[in-house]
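Student: Sequence:
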Amino acid sequence: MPGTAENGDRFGSRTAVVGGHVAVSAPEENSGSGAVWVFPGTASGVTATRSVSCGPRTLAAPVSGARFGAAFHR
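Numbering of the sequence shown is given in our numbering, commencing with residue 91 and proceeding in unit increments.
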């Protein structure tokens with residue numbers, strides 16, 4: 091995760107493997123707004139290189155207290 095670790099982000103609260111990629115949530119990131127990181131799978135395994143993150147602001151959703159990534163559904 092690029093950036094500085096913050097106490098209480100709950101990184102890894104939810105995880106999912108989809109198509110060889112790994113999604114990891116931190117629902118308390120940015121004071122409870124939440125975020126999800128996707129780490130791409132490669133032939134040699136999962137890597138942080140070219141990982142992407144998104145949160146409620148990325149999707150133009152309400153930010154305050156959104157807890158984005160608190161649950162994953164398939």
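It cannot be assumed that every hint is accurate.
Here are the in silico distance ranges between beta carbons for each label pair [said to hold, decoys possible]:
hint : residue 1 : residue 2 : range
1    : A133      : S154      : 15 to 25 Å
2    : G110      : C144      : 14 to 24 Å
3    : S134      : S154      : 19 to 29 Å
4    : R147      : R104      : 14 to 24 Å
5    : V107      : A160      : 26 to 36 Å
6    : S154      : T132      : 15 to 25 Å
7    : A133      : G155      : 18 to 28 Å
8    : P152      : T132      : 33 to 43 Å
9    : G155      : S134      : 37 to 47 Å
10   : A113      : V153      : 33 to 43 Å
11   : P152      : R104      : 18 to 28 Å
12   : L149      : G109      : 38 to 48 Å
If you are wondering where the hints come from, they were derived from the structure by calculation, not from laboratory data. We put the beta carbon where it would ideally sit given N, CA and C, even for glycine.
Student: Run every hint past the structure and note whether it holds.
Tutor: Quick rundown of the hints versus the structure:
The hinted window of 15 to 25 Å between A133 and S154 is violated, with their beta carbons roughly 41 Å apart. A beta carbon spacing of about 19 Å between G110 and C144 agrees with the range 14 to 24 Å that was offered as a hint. For S134 and S154, the hinted distance range of 19 to 29 Å is not satisfied, since their beta carbons lie about 40 Å from each other. The beta-carbon spacing between R147 and R104, approximately 19 Å, falls within the hinted interval of 14 to 24 Å.
A hinted range of 26 to 36 Å for the beta carbons of V107 and A160 is inconsistent with their spacing of about 18 Å. Restraint check, S154 to T132: a C-beta distance of roughly 36 Å breaks the suggested window 15 to 25 Å. The beta-carbon spacing between A133 and G155, approximately 40 Å, falls outside the hinted interval of 18 to 28 Å. A hinted range of 33 to 43 Å holds for the C-beta pair P152 and T132, which are about 35 Å apart.
One distance hint, 37 to 47 Å for the beta-carbon pair G155 and S134, holds here, with the actual separation near 39 Å. Range check, A113 to V153: Cβ separation about 20 Å, and the 33 to 43 Å hint is violated. For the pair P152 and R104, the beta carbons lie near 20 Å from each other, so the given range of 18 to 28 Å is met. In this structure the hint that L149 and G109 lie 38 to 48 Å apart at CB is violated, the actual value being about 20 Å.
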